[in-house]
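Asks: Each chain, letter by letter, is given below.
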Amino acid sequence: MALRVCVRPLIFSNRVRVWGETLGLRNVIRPFSRHHALLSNSSPGSKVLLHFINQSGAKTSVTATEGESLLDIVINKNLQIDGFGACEGTLACSTCHLIFDESVYERLEPMADEEMDMLDLAYGLTKTSRLGCQVIVAPWMNGMTVRVPQGIKDQRVTQEAKNKQ
Amino acid sequence: MRNIKRSFLAMHNLLQASRCPRCPCVLSSSAQRLFSTCASSPKVCIVGGGPAGFYTAQHLLRARSDVVVDIYERLPVPFGLVRFGVAPDHPEVKNVINTFTQTAQHERCSFYGNVSVGTDVGVEELKKAYHAVVLSYGAEGNRPMGVPGENLAGVFSARDFVGWYNGLPSNKELCPDLSCDTAVVLGQGNVALDVARILLSPLDFLKKTDITQQALESLRASRVRRVLIVGRRGPLQIACTIKEVREMINLPETKADMLPGDFEGIAEALKDLPRPRKRLTELMLKTVKVDEGRQKANKQWGFRFLRSALEVLPDADGKKVTGIRLAVNTLEGSGEEARALPTGQTQDLECGLLISSIGYKSLPIDPSVPFDSRTSTVPNEMGRVSHTGGLYCSGWVKRGPTGVIATTMNDSFETARVLLKDVDSGTLDVSVNKAGAQEITGLLKSRGVRPVSFSEWEKINSEEMRRGEALGKPREKVLDVREMLEVAWSSS
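These protein sequence lines are chains A and B, in that order.
Just so you know, the first sequence maps onto residues 11 to 175 in the working numbering.
Just so you know, the second sequence maps onto residues 23 to 514 in the working numbering.
Heads up, a few of these hints could be off.
Pairwise CB distance ranges (calculated) [to be verified]: (1) B:Phe227 <-> A:Asp123: 18 to 28 Å; (2) B:Leu371 <-> A:Thr70: 55 to 65 Å; (3) B:Ser138 <-> A:Thr155: 43 to 53 Å; (4) A:His61 <-> B:Ser447: 31 to 41 Å; (5) B:Ser87 <-> A:Lys69: 20 to 30 Å; (6) B:Asn320 <-> A:Lys69: 56 to 66 Å; (7) A:Gln160 <-> B:Leu292: 22 to 32 Å; (8) B:Leu385 <-> A:His61: 42 to 52 Å.
Beyond 12 Å from chain A on every Cβ pair, some chain B residues (computed) [claimed, not checked]: (9) Lys149; (10) Asn173; (11) Leu363; (12) Gly366; (13) Asp444; (14) Lys481; (15) Leu507.
Computed footprint of chain A on chain B; a stretch qualifies when at least three of its residues, placed anywhere within it, have a C-beta under 8 Å from a C-beta of chain A [unchecked claim]: (16) 115 to 126; (17) 254 to 268; (18) 297 to 303.
Treat the hints as calculated values from the structure; they're not laboratory data.
Nothing here was measured: the structure is a model prediction, and the numbers come from that model.
Using N, Cα and C, we set each Cβ at its ideal position, and we do this for glycine too.
Please model the entire structure based on the sequences and the hints provided.
Replies: Quick look at the structure:
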């Protein structure tokens, strides 16, 4: 089945437009301001290698462009993660939930309340979970691995697990 | 005879036109619909064109390159509660329609609107025409309050109220009287908060949404200034999610009217809570503090905890609601499982509008389908309907009316996976050819039922967007089924 080619309807939503701009800007500025030159030997728009591990454990490596969101990448590179990004990056669902290594997670831009609100509804929430639509690719992410949470077989089990957290 | 020959030639041409790489038979959708002879293509029928139906279809189509999926929907318009349930001020959630539209336009998928399964065509007939039938028809009933006065004027189910402002044809004549000062919403789930938010939102904001024009006019004249949202348990058991509470807090010129006493001891319980519950509770606690000092507001909303409906109080004529008598509860146990027990005390709240938002419930569709009236769901194991071969279910009819859209998505994918697993294992026999839609559309025709195709829905869609544009809204919904059909079948 044909996937969406582009996830740009987000410009129709005020809230997310503001979001996209602020996050995007910060990331463009970042290599020059906050990070060591060795880590950011790149100009804006540079290529970054990313690895995705899908629900069934298979690994796909893609070359992404700085400034794209991880949701953009999943859609544009046809990573075939069914149901990913249902609200098209407007912070209205949690279907682009991704799990990061702790060392990577700690370097990500801080999370806004609205993202955490949605993430709280995600399946298999972990301490290093983020929404893919809110994570913008930066040069320092080169070589990073992100995991798609596993599909949940039985929701009651999930609910119990959640309650025990 | 000549006609037969001509149609045979046409079929022959179609056969030549496209061949499936995986099997020697034709997979072009048009040819497939004519022939339906491809023994290796499983034909699946989905009952209900809401999110559960579309997500089930999406996964089936994506996972196998030969499965054919037909979606039957009672209304002429697709998308179920995404159209009629999701609040008009949540347009982002409705983005899922883009993906559903792609699914419907898939060459192996067809949409048949205006077909009521159980009335126009039976489930047994569908089972005969298809290898598998997936029930995804949702929860069209309400859990009743079960108290005296429930049927007084001014008392509505949230389903009807939501259906009214969202343009559900069966609710277009609801005409709620909004001339009172206080509305009470019974229930504290997200639907309850949607209703409260719509009642208190500034008109300037709502008028840019796809809320129906008639609801907008009623809300313009509304004198409701205070909405109390009543739950039988405490703040730690509240059913809504944090986004909806945040939206209430952020309503302009509206302040939260909470009872600080309700939150005694809650701060101490925070540390042991899972993150979602903890953040939600922290936000409510913050609201109690902040809004104590917030003066410039002419509207109010508030939660009322540990209260259950006992009786709807009528006016002197015994016709219209003037209030509700509530039982004061206490909690037995703690956490998510805590139970509300009546203390024997009661409390009356005055209100001119009472909206009961204590849950939806699925209804049985056909005597041949098992139904658990206790849980109001179709008994199933991971979507496989118990003791019934070839029958599956997804969405609310499978697991009950709870969860967000991602919940329904995951659960529908699960049903699709289980169904395909049954195909692979041979539990679901697809070796015998089935006629699918060809057989059903024939039956429908003989019964005088004309389905609405997806491209016919797109005519309704265009018309609604055109009407919306004239009003500065994304869409103005057609409220009448007959009018929908006229637009769908118009020649233009």
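Asks: A separate judgement is required for each hint: does it hold in the structure or not?
Replies: Hints versus structure:
| no. | hint | in the structure |
| --- | --- | --- |
| 1 | B:Phe227 <-> A:Asp123: 18 to 28 Å | 21 Å, holds |
| 2 | B:Leu371 <-> A:Thr70: 55 to 65 Å | 57 Å, holds |
| 3 | B:Ser138 <-> A:Thr155: 43 to 53 Å | 50 Å, holds |
| 4 | A:His61 <-> B:Ser447: 31 to 41 Å | 33 Å, holds |
| 5 | B:Ser87 <-> A:Lys69: 20 to 30 Å | 24 Å, holds |
| 6 | B:Asn320 <-> A:Lys69: 56 to 66 Å | 57 Å, holds |
| 7 | A:Gln160 <-> B:Leu292: 22 to 32 Å | 30 Å, holds |
| 8 | B:Leu385 <-> A:His61: 42 to 52 Å | 48 Å, holds |
| 9 | Lys149 | 26 Å, holds |
| 10 | Asn173 | 35 Å, holds |
| 11 | Leu363 | 21 Å, holds |
| 12 | Gly366 | 31 Å, holds |
| 13 | Asp444 | 16 Å, holds |
| 14 | Lys481 | 22 Å, holds |
| 15 | Leu507 | 30 Å, holds |
| 16 | 115 to 126 | holds (count 7) |
| 17 | 254 to 268 | holds (count 4) |
| 18 | 297 to 303 | holds (count 4) |
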